Structure formats: C-alpha cells, structure tokens
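Top to bottom, those sequences are chains A, B and C. Residues 1 to 74 (the numbering used here) make up the first sequence, in order. Residues 1001 to 1583 (the numbering used here) make up the second sequence, in order. Residues 2001 to 2171 (the numbering used here) make up the third sequence, in order.
These are computed hints drawn from the structure, not numbers from a lab. Just so it is clear, the structure is predicted and the values come from calculations on it, not from any experiment. For every residue, glycine included, the Cβ atom is placed at its ideal position computed from N, Cα and C. Treat the hints with care, since some could be wrong.
Stated by the list, open to error - Covered stretches of chain A, as calculated for chain C (at least 3 residues, CB under 8 Å): (1) 53-61; (2) 66-74.
Said to hold, decoys possible - Pulled a few chain B residues facing chain C out of the computed Cβ check, cut under 10 Å: (3) 1060; (4) 1138; (5) 1375; (6) 1458.
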Amino acid sequence: MSGTTVPAESNETEAEPSVSAATGQEEIQRELSHEEYDPKGTLALILIYFAILMAMWVFMYFVEFLGNELVVVG
Amino acid sequence: MSTQTDQPSFVDRYPEEAAVVRRSLLVAFVMLGIGALMGLVQALHRTNVLRIIDSADYYTVLTAHGVFLAIVFTIFFLVGLYQWAVTRSLDRSPVDIRFTHAWATMMTVGSLMAGAAILLGFIDEVPVSADVLFTFYAPLQAHPIFYAGLAIFIVGTWMAGADWFRTWLAWRKDNPDERIPLQTFMVLTTMIMWYVATLGVAVEVLVFLLPWSLGLIDSVDPLLTRTLFWFFGHPVVYFWLMPAYLLWYTVMPKIAGGRLFSDPLARVVFILFVLLSTPVGIHHQYVDPGIAQGFKFIAMTNTMFLLLPSLLTAFTVVASIEHGARQRGGTGLFGWLTALPWRDPAFTGMALAGLLFAAGGFSGMVNAGMNINYLVHNTLWVPGHFHLTVGTAVALTFMAGTYWLWPQLTNREIYSRPIALAQVVMWFGGMALMSNAMHVAGLFGVPRRTAEPQYSFDFPALFGTIGELRLQIAVGGTLLFISTVLFLSNLAFSLGTPKREGFGQTIPPALSGPEDSPAVLDNMKLWAAIAVVLVVLAYALPLGAIISDNGLFGVGIEPYPMLVRPLFDWAGATLAGLAEVIA
Amino acid sequence: MHIHSYEKLWLGMALLLIVGFIGTITYGTVGAGVQMVDDSGGNVEPGNVSEHEEFGEPGVEKVGENEYDVHVVARQFVFNPGSEVYGAIEVPVNSTVNFYVTSADVIHGFSIAGTNANTMVIPGEVAEITIETEETGEYGIVCHEYCGEGHHNMEGLLRVVPEDEYNGSTQ
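Next comes chain A alone, as it looks inside the complex (with noise of 0.2 Å):
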C-alpha cells in the first residue's frame, strides 16, 4: 500500500490477523491477485445502490417536492 521502501511494511502478502479481531478468526485461506480477482460482489451490490438511488430520487423530486403544497415559482 503505502510506500514501498518503508521498513514497518511487509511486501509479503501474508499480513498478520487485526488486533482487534476475534480469537480464532479463521485466516487467509488463499492469496488472490489483481488478475485473478474480479470484484463481482461488489458490482452487484452497487448496481443495487444505484437502483435505489433513481428509485429515490425520481420518488423525492417528482412526488414528494413538485408534487407537495405551494410550489414558489417566483
């Protein structure tokens, strides 16, 4: 990540567990690279953020403020 000269930083992948996780967390099964590693989840879950963001919004714009009381025009 940050810097790739600094002591503090292993360039091994195999970073120890959080300090603040769970006894017995399970570890790192594998190592995944950028190539192999295509964030398929993420997509989908962001492509459903996206659908409810137009959902709300069009929602918010057209029903709850055009559509509400004593619209100023001037």
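Since the structure of chain A is already known, use the hints to place chains B and C on it.
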C-alpha cells in the same frame, strides 16, 4: 482479543509520537462524552419525554453538542490519527517534536476557551455566554473568548498541518524518487483542503466577529459573514470525513483480510476533494435572499460533481473488503459477505458506518438539489442527514478504528471485545431509528434547532404520527448515549489491562499500487493551485455582489449579545405588538 | 493508469447519475418553473424597517386581479403579520401571492410548515418568494433559524380562504 503478532507495535517504535496520538484521542473522547450527554438531554427535551432544563437553555446545550462534537471531537481525533498515519507511513519522527507538542497545546487551549464560553452560558451570574450554535450567525453575538478560542484552535490545526508537511519534506530529501506513501498522501491533501477552507472562517472571525465582539467595529454584515462561514462550513464536513476515509481505505481492507483494491483511485478521490470541497459552500444558502440564482446553480453543479469521489470510494472500499472475504474462503455473488470478520468490532463498526453513509449519501443528494431545498431546508431532515454522515460515517468509524489502533498505542488489550461489538451495533441501531424519524419529520415541515416539540398548529403528518416519530427519536437518542457510555467505559477499563507485546500491525500493499498511477497525482503544488483558482471562480462574484450591495460591514446592523438583553427585546417587541393591536 | 473494467463502468454510471441530478434540477427551474429566492427583493436597513414605505405598515395588499403582496417583518420572536399578537395572514384561494420578508434584528427563517414555501430571513435583505394558492386551509408558519432564547415561540398562521370570504384585511 488475544491475537499475537511478531511485529513491534507503534508505541514500541515511536513512544513520543504515540503519546501525542493518545493525548489527542483522549481529548477527543472527553469531548465525545460531554457532547453525547448534551445530545441525550436534547433528544429527550425536544421530544417532551424528559425535561430537566428550561427551553431557553436548550440552545446552550445545542451549541455545546455541535461545537464539542463536530469541531473538537472530530478534529482532535483527526490530528491524533494523522500524526499516527504520517509517522507510520513515512516511518519517521517529526522534525522537532516540541513543535508537535506546541500545536497540540494550542488546540487544547483554544478548545478550553471556546468550551468555557459556551458552558458558562448555563450560569446566569457569569456574564459570559456563547449561545450562538455551531454556525454563530451574526448579529447574534458570543463573548469574545468564544471567537478567540476558535481562532487559536484553528491556528493550532494550521501548525499541525505545517508539522506534517515538514516531516514529509524531510522524508522527500532522503527519498527523492519515491511515491508519497498513501496515508501521508491522504494527510497532505486533507490539509491543503483545510488551508483553503479555513480562509473563510479565519477572515470571518479575525476581521469581523472578534473585533466586533470587542466593540472595535460597530456593525457586521449578516449575509457576508454567513457566506464566509459556509465557505468553511461545507469543506469542514470533508475534514471530518477524510480521516474516516483514510481508515476505510487503508485499515479496513487489512482488518478484512484483504488488500486495497486500487491505490491510484484512492489518490484521485482525495485530489477531487481538494479541488471540489470548497467551491460548493453556497449550497447551504440556496434559500438565502441576496444571492443570485445563477451563483446557486453553479454551487449546485459543483456539489453534484463532489458526489463522484464518494461514489468511487464506495466501490473501491467494498471491493477491497470483498477481496478479503474471498481470500478467507468466501464464495458466491453475495455469499462472501458471510466470510467477513463480523465478530471484529473494528470491522463491523466501520462496515455499519459505511452502510449508514450510503443512506446519508442519498439524503445529501437531496440537500444538494437546489430547488428541492425548499422542501427540506432547516427542517429536521437536515440533522437527520448529518447524523448519518458526521454522526455515524465519521463518529462510528472513529470509535471502531480506536478498537484497532488503541492496543498499538498502549501495548494494552481492549478490555472487552464483546462489549465493543455490542457498542457499535447499538450505535447503528440507535442512529438508524433516530435519523430515519428525523428525515420523515423533516418532510412534514418540523423545524430543526428548536426546543419545543409542539407548536400551536399541527404538522401535516401523512403516515405515522408526529408522536411516534418523537418516540423513535427519543429511543434512538438514548441508545446512542448508552453506546457512547459503553465505548468510553470499555476504553477506560482498557487503561488497566496488562501490558504485553505483540500488537504490531502491518498494512498490506494495494492490489494495484501507486506505480499504476501517473506521478502528477503527487504534485501537491499543482492541486493546491487549481483548488485556489476554483475557489476564486466560485466565490469572487458572489462575495463581490454582497459587498457592493451591503458594504463590508453592513448597514445599521445592531449586535445581539446572547445574554440577558434579548429577553428585554422580546418583551419589548411583544408589548409593541400589543400596543399596535390595541391602537 | 490502470483501472479495473468494473470501476470504469461504475465511474460512467456515477457520472450519469450526477448528470441526471443536474438535469432534474434544471427541469425543475426551466420546466416546472421553480425559482430560487435571490437578490431581487433588494435591501432594507434593519434599524429603519419601521420607516420603510412597505415594511413600515406590513400586511396583505391587493396588487392585481388575483395577485397579492404580503410584506412581513420578522423580529425576536414574532412575525408581523402572522403571529398571534398581529393576527394571521389571510389570502384568498386561487391567487398569486408574493411574500416579501425581512428582519428587523437577527437572522430568522420563514417557512410555511409542510409546504415548499421556505426562505431565510436575513437582516438587510428582503426575501421575495411567490406562491400560488390552490386549496383553502390553515398553515402554520415557523421561524426555522435559531434567533435567540425565545426562538421556539416564534410562529404564525396563514389562512387561505374561499374568494367570497376574503375581506382584504389581516385578522
């Protein structure tokens, strides 16, 4: 939490710096405690559940809640975290640690002055008060020590930034060809944004409000000072958010067992914040008279583009966690979610903070939407929104991050992981309840910043009654307070857990490292210069128009010190009104 | 610069979303005709509000066939007219109402609760907003900006009455 590592911890390697970080976090948490208590008093008072104060004192409580949490808690946590991040990622001490102590002292003194001015508002016998709320709009006038305290505090933050830039320059001399380590990159870009942003409030306080509160000038222009406030008032929200982003980008993937998906995009995101955070402040003034619609439209388009870095962050951070989940054996389109370390309070806290931030992002999009602002401006919707952003995305991430960072600063374990886990979940639940109710009440027209739940007319509630919403706010606020108490007591007990070794943590390199990005991203001078140009373009004309209409100091504006006098004015106005009616 | 194809897709969609938002708001301004309060109301010296031609005697005034001007002075902690001591603001239904609101002291807010009529009231400035009344009814008016320790007492009433009941004065 008995995880052992063979790395030396941060306090092993940098004991003096760790002390600075610990002290900064401690100030932050004391303020969190006081601020949360004020929050509880408010939540119960304005919902009519429990009234232990006069409604007139509600505004003292509200001022303390806003200033202590949104300014002192957030920024003290920021300087602590950033001191850690710069030291760790450059692997280097400050050039002169005495300077580091100096800014920490400045900031503390400033906070105490402003804090005293606010809290003395509770004691009628002392003629000091600052019931002016977080926004301190003139002509409401606070005691001079409030403004002086703010000024000293902000100068302290400027010195902190200078300290980090100095450390970076010293590092640069020894490493002329290295890319800036990501955490330091984030610190430096944040501070460039902060220098640009605080110009507004520095001018507002030093040129106008402080001399005016001392009686050196007679009058200040309410619209001008308010516009200067929002010049600072929007970018400050990114000053709260960027340390949370630093934790999401650099710490969260590590905790999840993965690696940051893209270092180059993280850099692009922080540069977008440098460029776009400030020329948007007028979106807080969409319904202000005295500012032309065209200026508001420009602020709106800039604000909308400011969504981009946060939307990009959502993808990069979630992809980094998914990477961790898949490395830990997670499979399927959504099945990997179950492979995440949900029993780790640092992870769960940050993940839940991110989830509520996604919701807060939506209400922020509505706030950004110029004309739709008529629907929500200054209603309860707005605090509903920022309790999801600063109140959760930032505050909950800070608390969760503390569970990970604190052992490295003290060589002591967190007292109880299960309590920590319950604490972050309780914050999530309490905030979801409270914030949702505030949003809905806002749509019915219930105003923010008022002590009274009931006006003489009824708000036109469509679904769910106002009473139910009030109850949800009271219950949510109570859960949030309990969560804060759990956090603080867990941390207090952690001061007494036995010292041991084995708390060192490394941060794994990004999947796509800085070598994948153009070096121009690291050109701080260039981005600072463009940021200044954008601010000048966005603000020169509106400020010029206000000054040419009203002059620098306004016309015939009387100060309204927040002491006893308004009471007389109020009685006077009412009597005058009565007299007019009778006549 | 190396960017994953999914991220490129998301970048494109994020930009689309942003352009969509800006498009909606532009439609609101140009198509639906929603105008922001701006600098058209001009300036008034707060100390001289009582001597001002319009704000000196604030209230409802018929200015056209179905058009009314309403001048309102906000001060700690009343709206004149609107608050109880001054009487509710009364306008007929199916009319165009131009509100002109200014402050005689500190910053206030003026919001007709549960509707879109919502503006800041800043000393020195005149907020001008125009609405069309389409239904009869009573609306609460709130000051939505903190203006001092009696802020929560600052409220008023707007009555939209049938044309034949309108008698041209505030009550």
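Here is what the structure says about each hint:
| no. | hint | in the structure |
| --- | --- | --- |
| 1 | 53-61 | holds (count 4) |
| 2 | 66-74 | holds (count 8) |
| 3 | 1060 | holds (9 Å) |
| 4 | 1138 | holds (8 Å) |
| 5 | 1375 | holds (6 Å) |
| 6 | 1458 | holds (8 Å) |
In summary, the structure agrees with every hint in the numbered list given earlier.
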